[in-house]
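As you go down the protein sequences, you meet chains A and B in turn.
Residues in the first sequence are numbered from 475 upward in steps of one, following our numbering.
Residues in the second sequence are numbered from 1188 upward in steps of one, following our numbering.
I should point out that these hints are in silico values taken from the structure, not numbers from a laboratory.
The beta-carbon is built from N, C-alpha and C at its ideal position, and this holds for glycine as well.
One or more of the hints may lead you astray.
So the derived label-pair ranges between C-beta atoms look like this [to be verified]: (1) A:Ser580 to B:Thr1386: 33 to 41 Å; (2) B:Ser1353 to A:Val502: 29 to 37 Å; (3) A:Tyr605 to B:Gly1467: 26 to 34 Å; (4) A:Val490 to B:Leu1447: 21 to 29 Å; (5) B:Thr1386 to A:Tyr542: 51 to 59 Å; (6) B:Asp1279 to A:Phe489: 28 to 36 Å; (7) B:Arg1337 to A:Trp561: 53 to 61 Å; (8) B:Ser1276 to A:Val490: 21 to 29 Å.
The list that follows gives simulated cross-link-like pairs (lysine to any residue, SDA-like), each with its CA atoms no further than 20 Å apart [claimed, not checked]: (9) A:Lys519 to B:His1362; (10) A:Lys617 to B:Ile1202; (11) A:Lys481 to A:Leu632; (12) A:Lys697 to A:Phe489; (13) B:Lys1437 to A:Phe652; (14) B:Lys1463 to A:Pro578; (15) A:Lys519 to B:Ser1341; (16) B:Lys1464 to A:Ile619; (17) B:Lys1297 to A:Ser590; (18) A:Lys697 to A:Pro484; (19) A:Lys697 to A:Gly687; (20) A:Lys481 to A:Gly687; (21) B:Lys1235 to B:Gln1412; (22) B:Lys1345 to A:Phe569; (23) A:Lys617 to B:Tyr1312; (24) A:Lys684 to A:Ala670; (25) A:Lys519 to A:Phe500; (26) A:Lys519 to B:Lys1437; (27) A:Lys617 to B:Trp1196; (28) B:Lys1297 to A:Pro578; (29) B:Lys1464 to A:Glu620; (30) A:Lys480 to A:Ile616; (31) A:Lys697 to A:Ile483; (32) B:Lys1297 to A:Thr579; (33) B:Lys1464 to A:Ile616; (34) B:Lys1463 to A:Arg615; (35) A:Lys480 to A:Gly628; (36) B:Lys1437 to A:Ala492; (37) B:Lys1297 to B:Tyr1312.
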Amino acid sequence: MSTTLKKTIPVAIVFVVALLVMMDYFIVTPPTDAAGKSWTSGVVKDLQNWGIILTAFSLGFGAVNLFYFHSKHISRRTPDQWMFSIWLLIVIVIFTGVGVFMGPTSTSYNWIYNASYFALSATVYSSLGFYMTSGLYRALRIKNIESTIFMVVGVIVLLKNAPALAVYFPTLSAWGSFIENVITTSAQRGIMIGGALGAISLGIRTMTGKETGFLGRLTEEEKGGGAP
Amino acid sequence: MSGQGKSIWDTLEDIPREALYGILLVVFVIPMIYPLGLPVPISANVRKWYQTIDALPPGSVVMIDFGYSGGGEPELGPMAVAVYHHLFSKGDIRVITMSTSIEGPQLWDKAIAEIRPEQRYGAQYGVDYINIGYIAGGETAMAAIGKDLRATTSTDYKGNSLSQYSIMDGIVDAHSFDLLLCYTTGGDQSEGWVRQWYTVYGTPYMCSVLAMMVPTMLPYMNAGQIISVTSGAQAGEMEGLVRVPARGIKSADVITMTHLLCVVYVVIGNVAYIAKKSQGGSK
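Bound conformation, chain A alone (with noise of 0.2 Å):
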């Protein structure tokens, strides 16, 4: 395949929809319809639900390759992992048929979402809070500066989320509130900058053709030599 099909027209459309949303998003453009929207209005809508149908799309794509990567495991008879993938193999069909045969909204389809996935799902996020406990009893100790400052801002937060000692201690409270409302808020908006601009440099290189990673495998040469 050409570079052409593989990078060029690839980039040129990447460059050209993102544009479009981005023209949309920040230029006030003049009303062209009835209803006061502007042309681009209409085409980013457009976009908008293409994304959405691929997204939605992607989904049931992503259950073939489940079906294909286990498959294989199960032929192949893969120590430690091939009865495993039978069992998620059986569970896909089963949420899969009652879903489309019953409906996603049916009692059938409720209860066994209820049954099995909620309550692992739950049980799985619920047990965290047992290894974390267990972690700050461990990581919570006063061995150098660094980690007294953590250990203490750490208990003050602790101590200003348990709702009843708000009320016996209410300097706690505001101790708590300081730390998030002015060291937490500043140190994330930092990051958080710091990321949006991160975001921003990536866009311009994708738009660019100067990231090519989203473009699978290309050799050397199909990515002009390397990105800077």
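Following the hints, position chain B against chain A.
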């Protein structure tokens, strides 16, 4: 290491995890079975959330994103239920729900079964509230719904046409909504609504997220982009305000007790560590 010659400080500095888990389980289970009735003060953010809904004029339209997963339901479910109670009790508020989480419709069914809006408030599906289902695409879905709801989805979560429901009359885009609420276990959703609805249309927005996500959302609230950020763990406070005590109040007791236990663990670990160090035994 053999147990011989092991001091009390050695034991306390390295308590087996099974013992830590066991004590935590006991401290967790007792308040769940026998609620302690500890006080639950109302924090500023929960009060602001409550007052914002309370100030909605009759005829207002509220969009809710049920964007949490099953794992987050024990934390966010009680908050969602308490807020629904508040909205339904006001009457004459149209509540339209969608989901950016694929599990949203199932969890919404669960919440509605708990609220029983028809029996308790006389609210009718399709007239006072509706669920337009899961819409794939994350932020793209938020943007598309904000731009043109009917072009994005034409049916509710049961597959029935939206045009047959009177609640959808006059609902066009984000401008049709007076308030946006989001319950989510994902940062992409809670931040996405700021980018796709508040920034573009100025829709007033509040979100309830996992307790550990609150710090990431505070900058938005302090900048005025979100009216109020609460954590699902504060559901007990909301239940107190709307006077429908349920799971959240019970959780408040558990949260207080387990947090205190965590502090006790930290104190024990540090006392043992310092004592051992003073005896020259710890590095």
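Against the structure, the hints:
1. A:Ser580 to B:Thr1386: 33 to 41 Å: About 39 Å separates the Cβ atoms of serine 580 (chain A) and threonine 1386 (chain B), which means 33 to 41 Å holds.
2. B:Ser1353 to A:Val502: 29 to 37 Å: holds (34 Å)
3. A:Tyr605 to B:Gly1467: 26 to 34 Å: Taking Cβ atoms as reference, tyrosine 605 (chain A) and glycine 1467 (chain B) lie about 32 Å apart, which means the hint holds.
4. A:Val490 to B:Leu1447: 21 to 29 Å: violated (58 Å)
5. B:Thr1386 to A:Tyr542: 51 to 59 Å: 41 Å Cβ-Cβ, so the 51 to 59 Å window is violated.
6. B:Asp1279 to A:Phe489: 28 to 36 Å: violated (49 Å)
7. B:Arg1337 to A:Trp561: 53 to 61 Å: At roughly 42 Å between Cβ atoms, tryptophan 561 (chain A) and arginine 1337 (chain B) fall outside 53 to 61 Å, so the hint is violated.
8. B:Ser1276 to A:Val490: 21 to 29 Å: Given about 50 Å between the Cβ atoms, the range is violated.
9. A:Lys519 to B:His1362: holds (16 Å)
10. A:Lys617 to B:Ile1202: Satisfied, since the Cα-Cα distance of roughly 18 Å is no more than 20 Å.
11. A:Lys481 to A:Leu632: Violated: lysine 481 (chain A) and leucine 632 (chain A) sit about 52 Å apart, past 20 Å.
12. A:Lys697 to A:Phe489: holds (16 Å)
13. B:Lys1437 to A:Phe652: Between lysine 1437 (chain B) and phenylalanine 652 (chain A) the Cα gap is close to 28 Å, so the pair fails against 20 Å, i.e. violated.
14. B:Lys1463 to A:Pro578: Violated, at about 60 Å.
15. A:Lys519 to B:Ser1341: holds (15 Å)
16. B:Lys1464 to A:Ile619: Roughly 16 Å separates the two Cα atoms, so the pair holds.
17. B:Lys1297 to A:Ser590: holds (14 Å)
18. A:Lys697 to A:Pro484: Since the Cα atoms of lysine 697 (chain A) and proline 484 (chain A) sit roughly 13 Å apart, the hinted pair holds (cutoff 20 Å).
19. A:Lys697 to A:Gly687: holds (10 Å)
20. A:Lys481 to A:Gly687: holds (11 Å)
21. B:Lys1235 to B:Gln1412: holds (14 Å)
22. B:Lys1345 to A:Phe569: holds (17 Å)
23. A:Lys617 to B:Tyr1312: violated (59 Å)
24. A:Lys684 to A:Ala670: Holds. Lysine 684 (chain A) to alanine 670 (chain A) sits at ~19 Å (cutoff 20 Å).
25. A:Lys519 to A:Phe500: holds (15 Å)
26. A:Lys519 to B:Lys1437: Distance of about 45 Å is beyond 20 Å: violated.
27. A:Lys617 to B:Trp1196: holds (16 Å)
28. B:Lys1297 to A:Pro578: The hint holds at about 14 Å.
29. B:Lys1464 to A:Glu620: Between lysine 1464 (chain B) and glutamate 620 (chain A) the Cα gap is close to 18 Å, so the pair holds against 20 Å.
30. A:Lys480 to A:Ile616: Roughly 57 Å separates the two Cα atoms, so the pair is violated.
31. A:Lys697 to A:Ile483: holds (13 Å)
32. B:Lys1297 to A:Thr579: holds (11 Å)
33. B:Lys1464 to A:Ile616: holds (11 Å)
34. B:Lys1463 to A:Arg615: With Cα atoms ~13 Å apart, lysine 1463 (chain B) and arginine 615 (chain A) stay inside 20 Å; holds.
35. A:Lys480 to A:Gly628: violated (51 Å)
36. B:Lys1437 to A:Ala492: Violated. Lysine 1437 (chain B) to alanine 492 (chain A) sits at ~49 Å, over the 20 Å cutoff.
37. B:Lys1297 to B:Tyr1312: holds (15 Å)
Of the numbered hints given earlier, the model fails hints 4, 5, 6, 7, 8, 11, 13, 14, 23, 26, 30, 35 and 36; all others are met.
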